[in-house]
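Peer 1: Join the two chains into one complex using the hints; note that each chain is given alone, in its own frame.
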Amino acid sequence: MSAHANVSTTPPTNRSLMDLAALQREMAAAVMQPLTPDENMRPTMPDGRSTTAVAASFIAPNTRLTAFERLEIYNRQYWYRVLGALAEDFPALRAVVGNSKFDALSIAYLAEHPSRSFTLRNLGSKLPAWVAAHPEHTGRRHRLAVDMAKLEWAFVEAFDAAELAPLTQRKIAALQGDSLLTLQPYLQLVALHYPADDLVIELHRREKRQTSEAGVAHEEVSGAQTAVPRLRPRPIWLAVHRVDLSVYYRRIVREEFQTLEAIRSGSALGEALDAGFIGSRIPESKRADRVREWFGDWAEFGWICAG
Amino acid sequence: MKNQLNAVLLSAALAGLAGGSAVAAHAASQTSATANSAKVMKAGLRYSGSNFDTAKHSCKGKNDCKGQGGCKSGDNGCSGKNSCKGKGGCSTDGSKMPDSI
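Protein chains in written order, with numbering that gives the first Met the number 0: chain A, 0 to 306; chain B, 0 to 100.
For the record, the hints were derived by calculation from the structure and aren't laboratory data.
This structure is a prediction, so every number in the text was calculated from the model and none was measured.
Heads up, the beta-carbon is just placed ideally off N, CA and C, and yes, glycines get one too.
Each hint should be verified, as a subset may be incorrect.
Computed beta-carbon distance windows for the label pairs [said to hold, decoys possible]:
1) S124/A x M40/B: 28 to 34 Å
2) P134/A x A14/B: 57 to 63 Å
3) M40/B x D37/A: 52 to 58 Å
4) F57/A x K41/B: 23 to 29 Å
5) D288/A x A27/B: 37 to 43 Å
Chain B on its own, in the form it takes in the complex (with noise of 0.2 Å):
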């Protein structure tokens, strides 16, 4: 009786998973905005800000730039950050940053 559900369950996965392949390979095929429109529909509650593009370049968001030099630390992350006060910026040398860049 188990082997006889299972085997409709399987049967039912794999009716299911080819009807979704053509599915999605019929919206890939189109070149339309709408093309994919009832698979974002279906796909949930969008994460606001979370587009790539918007987070690459700006580095909001998520951590593409992290520790390569982008996002904050133009200032070497020192902004607001009070230790470097009195001792130049973030030079480890001590000296004082130049009037203007």
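One chain only, chain A, in its complex shape (with noise of 0.2 Å):
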């Protein structure tokens, strides 16, 4: 091979951009891969290749661990930051599940959907939808999971997502039938099978209190079950908001979820109205107090902003 063929078209910087991104993906791949069951790296990675030999290709050894030990000590730290990350939002769906099935749960939704973002915020994003689709993860109170997984992250959308300037006077006074409004980002509506937002609530101060008590959450308490009591079927609709930097669970009419849906959903105004009252017993009569007094709570919430 001739010298001249060595020499590479791309720039050096380029060229090591390259190569270090390269072995991000490695160490991301090998990192973020699910453990064995007993906590260590597994021995292969998921494209077949050896992990002792991938370890090796960007790990120097030292005298005292191995390359593989020494790559496995970041793969375990991962595992138990995003498992315990994700068990401390959601501490009402682990107490709905059990404690073991919520772990096996947490592997297999990680393993699907690893951390793609800067802050564990945004890790049980796509939970919600993950546990609905899911129901061998849940055992035998599934839709009671779904709505937990729904309600623990209303809440943290709903603790630190924008707030928008809402609409002012002048603006209002302008608005038609034809206008498009906007709902406050931190509003979130969910619709539940069981008044779960009273057990919700329940839940996180028991969790709160255990955790002032043993002086760290999990790791102390997490051998413990919570007992859930029984509850029955209902639909209940709810608005998930803040208020002076406190988030508050308040419950609403199906008539009112609805038209608050259709606004999000790109509805114009008058449109919104209308989808509201779909399939509603609100007599004919009443609609009109109903929705003067409904658009009143929201501007006094702030919740409606300009579209």
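Peer 2: So this is what it looks like as structure tokens:
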């Protein structure tokens, strides 16, 4: 091979950046691969290569640890961290499905939806839909588990999602039937199969009490199984929002929920009002009063913004 | 008929928005702690422990600090997780932690 053949056409800086990106992908694939049941690093990578060989390709051993063992520490810490973060965000779901099922559910979910964000805040963003699609991970109380996942994720969003400027009096005066409105990003609309909102709040209160008594959450209390009372199924429509930097669960009627959902999905004001009363048993003579009351409350909470 | 009803509902919605907006503006101009009490009364069930100041500083509740070195990362998340036993905490070169820091 001539010396000329070794000269790459790629500039050195770009080449090293590509090498770095490849190295990062390799490292991430190894670190994010689920552990064995004994919490060790798997001997083979997802593509069938030996993990020992992969680790040796970019990690040097030292006098105490092999390359595999050094990589294994990162692999374990990634999983302990993301599992801990998920358990911290979904204590009520954990209580409903049970500790061991929750652990298995978390591993399966995170294997499918690994951390993709700079913040672990977003880790559970796909969990409600994932739980709904995987009844094999939730057991007998599947629908309650789905409710819990939805409620707990709604809390995360309501807690720190953006807040836009609400509608001003001047903009309200200019509104018409074809006007488009926007809801506050922090306002979460959740339809439930069970009256699970008060249960979630109670479970979180217990979790908080246990945590403050134990000093540190989860590590100390994870062995304890929280008892969950039986609930009768009953449809509940909920607005999860925040007031004065605190999160609230506000029950609303189906028609109110449907109107808000229509606004959020981009319907014009007049269309949203029609959509709100689809299937409604509220007499037509009473609808105007209800609408006035709902929109008054929404404006008072600052939920409605300009489109 | 349907259009007539929709027009009535639209008027009601606009009246509600104007009224609620005026209440919110009045509450915002008040400095007393009770100014927002009516709004809080209507807000629903308060999620205990969701107060921002508490959560932000203690890292409990929500994840402002997650992944940023706060919260449980003082020991790099190793607390109670026996993987590091005999390997010196979470150091990845296998060295022992010093006896005291």
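Peer 1: Run every hint past the structure and note whether it holds.
Peer 2: Now for the hints, and whether the structure bears them out:
no., hint, in the structure
1, S124/A x M40/B: 28 to 34 Å, "holds, 32 Å"
2, P134/A x A14/B: 57 to 63 Å, "violated, 46 Å"
3, M40/B x D37/A: 52 to 58 Å, "holds, 54 Å"
4, F57/A x K41/B: 23 to 29 Å, "violated, 58 Å"
5, D288/A x A27/B: 37 to 43 Å, "violated, 26 Å"
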